[in-house]
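Colleague: Sequence:
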Amino acid sequence: MRLGKKLITFAVAGLALVGTAACSNGKNNSSSNDAKIPSKITKKTTVVFWHGMHGAQENTFKQLTNDFEKKNPNIKI
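According to mature numbering (1 follows the signal peptide of the UniProt record, and there is no 0), the sequence shown holds residues -21 to -1, 1 to 56 in order.
Note that these hints are calculated values from the structure, not bench results. Check before you lean on any hint, since a few could be wrong.
[To be verified] Straight-line distance between alpha carbons at most 25 Å, and here's what the computed SDA-like set of lysine to any residue pairs gives:
#, residue 1, residue 2
1, 55, 16
2, 15, 41
3, 23, -15
4, 15, -2
5, 49, 25
6, 55, 17
7, 41, 55
8, 22, 44
9, 50, 38
10, 49, 24
11, 55, 32
12, 15, 38
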């Protein structure tokens, strides 16, 4: 039984190693294709995301989003 557990452990570790190596092609693919990031948003844009903040963190987050929306009227969070 111990041999089976060791075999499974090594098999999982080996698959994890192969899986992480397979995700990389060894090249640096930073996309510097001169794509311009707009400095001004002209259309109304809404950003939706989930957060799990409560209490003081949630109050700070709400204040930061309100400040951001005042500075960027075309973006709603």
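Colleague: Against the 25 Å threshold, does the CA-CA distance of residue 15 and residue 41 hold or violate the hint?
Modeller: Given pair residue 15, residue 41 is violated - Cα atoms ~30 Å apart, limit 25 Å.
Colleague: With the threshold set at 25 Å, check whether the alpha-carbon distance from residue 41 to residue 55 stays at or below it.
Modeller: The given pair, whose Cα atoms are some 12 Å apart, holds under the 25 Å limit.
Colleague: Are residue 49 and residue 25 close enough, with their CA atoms no more than 25 Å apart?
Modeller: Distance of about 14 Å is within 25 Å: holds.
Colleague: If you draw a straight line from the CA of residue 15 to the CA of residue 38, is it 25 Å or shorter?
Modeller: Answer violated: residue 15 to residue 38 is near 34 Å, above 25 Å.
Colleague: Going straight from one Cα to the other, do residue 15 and residue -2 come out at no more than 25 Å?
Modeller: With Cα atoms ~32 Å apart, residue 15 and residue -2 exceed 25 Å; violated.
Colleague: Against the 25 Å threshold, does the CA-CA distance of residue 22 and residue 44 hold or violate the hint?
Modeller: holds, 18 Å
Colleague: Is it true that the CA of residue 49 sits at most 25 Å from the CA of residue 24?
Modeller: holds, 14 Å
Colleague: Does residue -15 lie within 25 Å of residue 23 when you go C-alpha to C-alpha?
Modeller: violated, 56 Å
Colleague: Can you confirm whether the C-alpha distance between residue 55 and residue 32 stays at or below 25 Å?
Modeller: Roughly 19 Å separates the two Cα atoms, so the pair holds.
Colleague: Is residue 55 close enough to residue 17, meaning Cα to Cα at most 25 Å?
Modeller: Holds, because 17 Å separates the two Cα atoms, which is no more than 25 Å.
Colleague: Sort out whether residue 16 lies within 25 Å of residue 55, counting only the CA atoms.
Modeller: Answer holds: residue 55 to residue 16 is near 19 Å, not above 25 Å.
Colleague: With a cut-off of 25 Å on the C-alpha distance, tell me whether residue 50 and residue 38 pass.
Modeller: The hint holds at about 19 Å.
Checked against the numbered hints above, the structure breaks hints 2, 3, 4 and 12 and satisfies the rest.
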